[in-house]
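In the order they appear, the protein sequences are chains A and B. Position one of the first sequence corresponds to residue -19 (this note's numbering), numbered consecutively onward. Position one of the second sequence corresponds to residue -19 (this note's numbering), numbered consecutively onward.
One thing to keep in mind: the hints can contain errors.
It does not matter which identical chain is meant; a pair holds if it fits inside one copy or across any two.
Below, simulated DSS-like cross-link-like pairs (lysine-lysine); rule was C-alpha separation at most 30 angstroms, straight line [what the hints assert, rightly or not]:
no. : residue 1 : residue 2
1   : Lys216    : Lys251
2   : Lys79     : Lys208
3   : Lys79     : Lys273
4   : Lys79     : Lys260
Worth flagging that the hints you see were computed from the coordinates, not collected in a lab.
Protein chains: 2
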Amino acid sequence: MAQDLVIGIDVGGQTTKCGVVDARGSVLAQTVIRTDTYDVVEPYIAELAEALNRIVAEAKGEGRIRGIGVGAPNGNFYTGTIESAPNLKWGHNRVEFAKLLSEQMNGIPVSLTNDANAAAVGEMTYGAARGMKNFIMITLGTGVGSGIVINGEVVYGHDGFAGELGHTCAVRNNGRACGCGKTGCLEAYCSATGVARTAREWLEMTDEPSVLRSLENISSKDVYEAAKDGDKLALKIFEYTGKILGQKFADFIEFSAPEAIVLFGGLARAKEFLTEPIQKSMDANVLPLWRGKVKLVYSQLKESDAAILGASALAWEL
Amino acid sequence: MAQDLVIGIDVGGQTTKCGVVDARGSVLAQTVIRTDTYDVVEPYIAELAEALNRIVAEAKGEGRIRGIGVGAPNGNFYTGTIESAPNLKWGHNRVEFAKLLSEQMNGIPVSLTNDANAAAVGEMTYGAARGMKNFIMITLGTGVGSGIVINGEVVYGHDGFAGELGHTCAVRNNGRACGCGKTGCLEAYCSATGVARTAREWLEMTDEPSVLRSLENISSKDVYEAAKDGDKLALKIFEYTGKILGQKFADFIEFSAPEAIVLFGGLARAKEFLTEPIQKSMDANVLPLWRGKVKLVYSQLKESDAAILGASALAWEL
Chain A
-19 MAQDLVIGID VGGQTTKCGV VDARGSVLAQ TVIRTDTYDV VEPYIAELAE ALNRIVAEAK
41 GEGRIRGIGV GAPNGNFYTG TIESAPNLKW GHNRVEFAKL LSEQMNGIPV SLTNDANAAA
101 VGEMTYGAAR GMKNFIMITL GTGVGSGIVI NGEVVYGHDG FAGELGHTCA VRNNGRACGC
161 GKTGCLEAYC SATGVARTAR EWLEMTDEPS VLRSLENISS KDVYEAAKDG DKLALKIFEY
221 TGKILGQKFA DFIEFSAPEA IVLFGGLARA KEFLTEPIQK SMDANVLPLW RGKVKLVYSQ
281 LKESDAAILG ASALAWEL
Chain B
-19 MAQDLVIGID VGGQTTKCGV VDARGSVLAQ TVIRTDTYDV VEPYIAELAE ALNRIVAEAK
41 GEGRIRGIGV GAPNGNFYTG TIESAPNLKW GHNRVEFAKL LSEQMNGIPV SLTNDANAAA
101 VGEMTYGAAR GMKNFIMITL GTGVGSGIVI NGEVVYGHDG FAGELGHTCA VRNNGRACGC
161 GKTGCLEAYC SATGVARTAR EWLEMTDEPS VLRSLENISS KDVYEAAKDG DKLALKIFEY
221 TGKILGQKFA DFIEFSAPEA IVLFGGLARA KEFLTEPIQK SMDANVLPLW RGKVKLVYSQ
281 LKESDAAILG ASALAWEL
């Protein structure tokens, strides 16, 4: 039988989602296992392999699996390893993830990269970037991730770790501390967490009235809901977030001259408040030759399937 | 006879340098013609073709020319055109440079790109980046140019104009006006012109004693000579220049994870004053995973030949 199916696996800190996917990007069967109940990787991989065999059977996919794609934090495409991933209990050192999984799966080849790169391949294969050879994927979630595609290929760089645009500098002086140890990173301002930090900072620094004042533990979702209700401070927070994103996107455009910037992730749901300030700031900061020319588009993948689809897309290239 | 030679052409605002080059990067014959004595391109191309035929004959290269490589301001690799080049009298509109030249040269194929990209290919073919698949070339001349190599190929982007790192933002607030119309660009601080501007700015803003005070029309060369004589202000200017370069290099590394950053151009001659501050600032600003890992190297091409060699290297890829 033709090898016409692939498996996509999204390794998160708490859970691991996996699915069997066909060439059109339909998820034929899927399941979820826990990531955080294992201190070492071997039993986790064993359970993962069992889960995969179950969904392959469910999708009537025996003998039809061409390859397995994995999106994982700190995943290295070149070596198939996960290296020093702080959010994975079993991933603090170097884990030969691709090799271990392939061995458990009767030698089916395994391709691995970080989640943002996987998302970029997914968008190129099934989503908003179909047909594009040059684009930059920006994932606006708890952090800011990125996957860069040049000439139809994800940029992995010399060591396999390229595309850390969330940690380029957005605010040079007196910038916020970032989880990575630096200050002023894009991620410290324009992730979901960054938006919540902006809210808390501004509430403390000003007396501006806002429904956000009545909340404890403000989240970016709270800011979004407030903006939808017309809350002025919340609207200003999105304007500020969009302005910083646009400033950095201008720099990225001057690097690789992409056809489009593709936004994905929880925060990208606030597109009605982000698009205009991003576009304005991007055009104000980029060289004239790119003004008004680089598209700003949003992911077209169904959010519940996106992580699996992104990872699965890697496997088509095996 | 084997087609074992190429021609390299460096189109500058005032003069055009061209040479016949062999596979080892030896310039077998070379000449220079004026660029700025023509208002339209056709007679300029005719004279250029005549000059080329002369040096081909001199190098005994008849029938041996595999291709012609051209480095030119605003050169577009995809289309072989020069577009809206402010410094070329005949280049204000769109000029079909590669096509016109190839026609005059009996159909020898012509490849064209901007000068910094040509320099990157030159360095990869004959110079400091031999064997490297991922590096970023930064040219520190009158302006700051860049040529980005990923997976062994120059990045041209969606439209052919990628790699304008000199116009990414170095100083966000209250930045210097740049020739491109924006403010705060890396080029406004770290080009030869930028260094001279820093000198003039600091002389005006402080009372610090310096041999530079006695000079009119300070150039970056003056600052370099003063630094060699131990002038404290001049030394501080290079420290500041290196610091800004390092800050931006950190961002670039987070984009494409290069093996090395290769410096070239007049200002790169001041390497004894630039290397340490660049390296220090690069390491202070980059993600821990790249600290101390990305090489900072200087061009190994003889400066008088570099422009021709860079352009000629393009032709080997035809």
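Enumerated hints in conflict with the structure, sorted upward: Violated hints (numbers, rising): 2 and 4; every other hint is consistent with the structure.
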